[in-house]
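> First to last, the protein sequences are chains A and B.
The opening residue of the first sequence carries number 1 in our numbering; numbering runs sequentially from there.
The opening residue of the second sequence carries number 1001 in our numbering; numbering runs sequentially from there.
Errors might be hidden in some of the hints.
[What the hints assert, rightly or not] Subject to a maximum C-alpha distance of 30 Å in a straight line, what follows is the list of computed DSBU-like cross-link-like pairs (lysine-lysine):
1) A:K259 / A:K308
2) A:K308 / A:K281
3) A:K308 / A:K264
4) B:K1194 / A:K93
5) A:K261 / A:K173
6) A:K173 / A:K259
7) B:K1163 / A:K89
8) A:K89 / B:K1292
9) A:K204 / A:K281
10) B:K1381 / B:K1292
11) B:K1317 / B:K1381
12) B:K1381 / A:K93
Hints in this document: simulated from the structure, not taken from any laboratory.
Listed below are the residues making up each chain.
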Amino acid sequence: MATLKELSQIEERFTGGHRLCAGCGIPPIMRLILRAAGEHVVATTATGCLEVGTTIYPYTSWRIPWIHSAFENAAATMSGIESAYNVLKRRGKIAQDREIKFLAIGGDGGTYDIGFQALSGALERGHDMVYVCYDNGAYMNTGIQRSGATPFGSATTTSPAGSVHPGKQQRRKDLTRIVAAHRIPYAAQASPHNWRDLEKKAQKAFQIKGACFLNVISPCPLGWYTKPEDSIEDAKLAVETCYWPLYEIEDGVLKINYKPKEKKPIEEWLKKQGRFKHLFKEENRHIIEELQKEVDRDWETLLSLDGKRLF
Amino acid sequence: MATVTGTKKVVGLTGNSAIAYAMKQIDPDVCAAYPITPSTAIMEEFSGYYADGQVSTELIAVESEHSAMSACIGASAAGARVMTATSSQGLALMWEMLYVASGLRLPIVMAVVNRALSAPINIHCDHSDSMGARDSGWIQLYSENVQEAYDNLFQAVRIAEDKRVLTPVMVCMDGFITSHAIENLTLIDDAEVKDFIGEHEPAYSLLDTENPITVGAMTLPDAYMDIKHQQSKAIAASKDVVLEVAKEFEQRFGRSYGLMETYRLEDAEVCVVVLSSAAGTTKVAVDELRSKGKKVGLLKPRLYRPFPHEEIMEALKHCKAICVLDRADSMNGFGGPLFTDIRASLYDAPERPVVINRIFGLGGRDYTAEDAIGVYEELFKVVETGKVERLSAYLGEE
Chain A
1 MATLKELSQI EERFTGGHRL CAGCGIPPIM RLILRAAGEH VVATTATGCL EVGTTIYPYT
61 SWRIPWIHSA FENAAATMSG IESAYNVLKR RGKIAQDREI KFLAIGGDGG TYDIGFQALS
121 GALERGHDMV YVCYDNGAYM NTGIQRSGAT PFGSATTTSP AGSVHPGKQQ RRKDLTRIVA
181 AHRIPYAAQA SPHNWRDLEK KAQKAFQIKG ACFLNVISPC PLGWYTKPED SIEDAKLAVE
241 TCYWPLYEIE DGVLKINYKP KEKKPIEEWL KKQGRFKHLF KEENRHIIEE LQKEVDRDWE
301 TLLSLDGKRL F
Chain B
1001 MATVTGTKKV VGLTGNSAIA YAMKQIDPDV CAAYPITPST AIMEEFSGYY ADGQVSTELI
1061 AVESEHSAMS ACIGASAAGA RVMTATSSQG LALMWEMLYV ASGLRLPIVM AVVNRALSAP
1121 INIHCDHSDS MGARDSGWIQ LYSENVQEAY DNLFQAVRIA EDKRVLTPVM VCMDGFITSH
1181 AIENLTLIDD AEVKDFIGEH EPAYSLLDTE NPITVGAMTL PDAYMDIKHQ QSKAIAASKD
1241 VVLEVAKEFE QRFGRSYGLM ETYRLEDAEV CVVVLSSAAG TTKVAVDELR SKGKKVGLLK
1301 PRLYRPFPHE EIMEALKHCK AICVLDRADS MNGFGGPLFT DIRASLYDAP ERPVVINRIF
1361 GLGGRDYTAE DAIGVYEELF KVVETGKVER LSAYLGEE
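Chain A with its partners taken away, still in its complex shape (with noise of 0.2 Å):
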């Protein structure tokens, strides 16, 4: 495990200059993910923020190959890559010694939705590959909808908070233990704020041998409604809130990698988020109660599963 400072002195290949905004999560998710991805690497993005803010023709953010195709395929798209990988080795057209290593990434939209069908198919493949979900909870590229990331409650412009219908109805998906399911060899969630733990699990993804899958929650100061600043804070608190657990599921075995010491009340998360605004509301409170239950049944379920086989 490398030190911050070592970290440091690898050469940067996600350059700065890009679009993304200021307090964005994706970029230190994506600094730090590369950075353990070892010398070769391919990496392909879903249609969304880290597409469009890295690449506006002529200049890209990208000092390793690159390739945006669509919305809903970054997963088949690298699917086609590591084929093309395998056997052009296999052919002689690369060197037997060259070890490429593939990165699809997606945001929630790309991945909890409406690329939900190819992740799933490439997992069921089992493509030597590393899915990286930057869940920022909405669709924010294109101005903040609900997707199936969205937490309860939460306002978006399609899940508005109204005086009817108060943000959004439903529950989000547990896309980690979903994707897990498939019986890939490692699927783990992180934060940008553990360093170290994202950093950890990146480098275990890049060494297995196929399709391994990292969620990782990335702070969103214009789809959050908050301070740029404060968006390693926020990561934070919904780790220590619980809301976000940090665990892996490591050839069917779960692990949680952070336990806080006192689980912070979810409302100090919430109350931090110009999307929860509405929740504090006199009428609306019921909400942040049973979104508050929903976490704690979540916590209580994963940690009887701590240290447990899955699959």
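Since the structure of chain A is already known, use the hints to place chain B on it.
Using the frame of chain A, we list chain B on its own:
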């Protein structure tokens, strides 16, 4: 599964078996596909070759046609020679990715076994699937029979990968009529196939990690139009490459291909224009009417995209009346896609022939030599009376 032994000989194969066999001979780097009637047998038989180690292709049995084309795009951008096959709804599901493949200038080759589009659901032949993709930036070659489909597939590889073209190619053949009918065809020797198609040598690859490239960047109004202009010029210029490749193919293997095939057209007064297998049926009618002294002819476009409008005008301009038979309806209240293209091509003719349109054969409706004779008789009536009663109509229906 088809069993083909030996090489360079005449065998009886279905269209699907011939395409699968051609793919075995090409032995592409990557093949990603999803089953759909009537093209399923192509991938089934190719999977058989894969299972027995007769190809060393990476076969990706994806979970949808959208992912099939997406995987083809990834593999092609990674420098692989890539092929796939589909039909109907499968092609429709790929639609978004067809534009990405052509826009990124990836030389993917795809066999399209033409089948009607839903609704109502129907598994039989018409051209509504590939016609829906006619403006997707893919080169389209249409095949009359099994031999043509087989020969076109090799030529497609050369056309797509030509540095002046770098554009994906669809090789279309008629579902069931060609895909499932056994016909005699002459096979090409494996070594000669390899020699004809050559090695795929892409200028760029995502796997060249020492020279990283960014593919598919977000492009704004300052550059998008210029990139599309380059693409437009490349597909227009591919016509010459199609002819060059056809010439070389003929020199090597003796079978002649062009932008189109004309049949007894030189002195014809009236002419039918039709794609694919229906051209074979129409030739029977032409021969029969010619034996009675009627000056009838046929034009069968082979290259439909890009559309060789000048050559088509030259070939048709002497006719008095033409009927374009479309195996797809544009649902535009005017006429089928081939009709509007042919009619527009003749606008610059010194003396414009009358051009009418009949929609035929939708969802596998039979088309016979008698039907063709009826079309020619209607054309003679138009010439005699100088009147067009119905510009566009469904063949045989009021």
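> Are the hints correct? Go through all of them and say.
Consistency of the hints with the structure:
Proposed proximity of K259 of chain A and K308 of chain A is supported: the alpha carbons are some 16 Å apart, at most 30 Å. Restraint check: the Cα-Cα separation between K308 of chain A and K281 of chain A comes to about 41 Å, which exceeds 30 Å; the hinted pair is violated. A hinted pair counts as satisfied when its Cα atoms are at most 30 Å apart, and K308 of chain A with K264 of chain A qualifies at roughly 25 Å. Restraint check for K1194 of chain B and K93 of chain A: satisfied, since their Cα atoms lie roughly 17 Å apart, inside the 30 Å limit.
Note on K261 of chain A and K173 of chain A: the hinted pairing holds, with a Cα-Cα distance of about 27 Å set against a maximum of 30 Å. The suggested pairing of K173 of chain A with K259 of chain A holds, with an alpha-carbon distance near 22 Å, which does not exceed 30 Å. Distance hint between K1163 of chain B and K89 of chain A is fulfilled; the C-alpha atoms sit about 24 Å from each other, no more than 30 Å. Proximity of K89 of chain A to K1292 of chain B is assessed by CA-CA distance (about 64 Å); at most 30 Å being required, the pair is judged violated.
Simply put, K204 of chain A and K281 of chain A have alpha-carbon atoms about 44 Å apart, too far for the 30 Å limit, and the pair is violated. Restraint check for K1381 of chain B and K1292 of chain B: the C-alpha separation of about 17 Å stays at or below 30 Å, so the hint holds. The suggested pairing of K1317 of chain B with K1381 of chain B holds, with an alpha-carbon distance near 19 Å, which does not exceed 30 Å. Of the supplied pair hints, the one linking K1381 of chain B and K93 of chain A is violated, its CA atoms being roughly 63 Å apart against a limit of 30 Å.
Of the numbered hints stated above, those contradicted by the structure are hints 2, 8, 9, 12, listed in ascending order.
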